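K.L.:
Sequence:
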Amino acid sequence: MVKGIATHAEAVRPELAEVVERVENYVTTAPPDPGLNMKVSLLEHRARLVGAMTHAAA
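Residue numbers for the sequence shown follow my numbering, beginning at 47 and rising by one.
Quick caveat, the hints were computed from the structure, so don't treat them as lab data.
Bear in mind the structure is a predicted one, so any value in this text is a computation, not a measurement.
All C-beta atoms in this analysis are idealised placements derived from N, C-alpha and C, irrespective of residue type, glycine included.
There may be inaccurate statements among the hints.
As the list claims (entries may be wrong) - Simulated DEER-style distance windows between Cβ atoms:
#1 Ala-103 - Ala-63: 33 to 41 Å
#2 Gly-97 - Ala-55: 32 to 40 Å
#3 Thr-100 - Glu-56: 32 to 40 Å
#4 Ala-63 - Met-99: 20 to 28 Å
#5 Glu-64 - Ser-87: 18 to 26 Å
#6 Leu-89 - Val-69: 22 to 30 Å
#7 Ala-103 - Pro-77: 15 to 23 Å
#8 Val-65 - Leu-88: 22 to 30 Å
#9 Arg-94 - Val-66: 17 to 25 Å
#10 Val-66 - Leu-95: 18 to 26 Å
#11 Ala-103 - Val-65: 13 to 21 Å
#12 Val-66 - Ala-98: 14 to 22 Å
#13 Ala-93 - Ala-57: 40 to 48 Å
My request is simple: use the sequences and hints to build the entire structure.
P.N.:
Shown next as structure tokens:
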């Protein structure tokens, strides 16, 4: 929804695009729903996430 609005709101387009990008990044790095079919443990997922965040901050 916000992504669609960003294309029509010229004055705030850069800010909305950045918000959309950050939300998409958060959603892709959110901890997985713990279930029986987890291929990666929650601890390993968190370790990978910390590594990715450290790499992104460099």
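K.L.:
Next, verify each hint and record whether it holds.
P.N.:
These are the hints, each one checked on the structure:
1. Ala-103 - Ala-63: 33 to 41 Å: violated (21 Å)
2. Gly-97 - Ala-55: 32 to 40 Å: holds (36 Å)
3. Thr-100 - Glu-56: 32 to 40 Å: Given a distance of about 36 Å, which is inside 32 to 40 Å, the answer is holds.
4. Ala-63 - Met-99: 20 to 28 Å: holds (21 Å)
5. Glu-64 - Ser-87: 18 to 26 Å: Hint violated: Cβ distance 32 Å, outside 18 to 26 Å.
6. Leu-89 - Val-69: 22 to 30 Å: holds (25 Å)
7. Ala-103 - Pro-77: 15 to 23 Å: holds (19 Å)
8. Val-65 - Leu-88: 22 to 30 Å: holds (28 Å)
9. Arg-94 - Val-66: 17 to 25 Å: Check passed, 24 Å falls within 17 to 25 Å.
10. Val-66 - Leu-95: 18 to 26 Å: Because 20 Å falls inside the window, the suggested range holds.
11. Ala-103 - Val-65: 13 to 21 Å: holds (19 Å)
12. Val-66 - Ala-98: 14 to 22 Å: At 19 Å between Cβs, range holds.
13. Ala-93 - Ala-57: 40 to 48 Å: The hinted range 40 to 48 Å holds for Ala-93 and Ala-57, with Cβ atoms some 41 Å apart.
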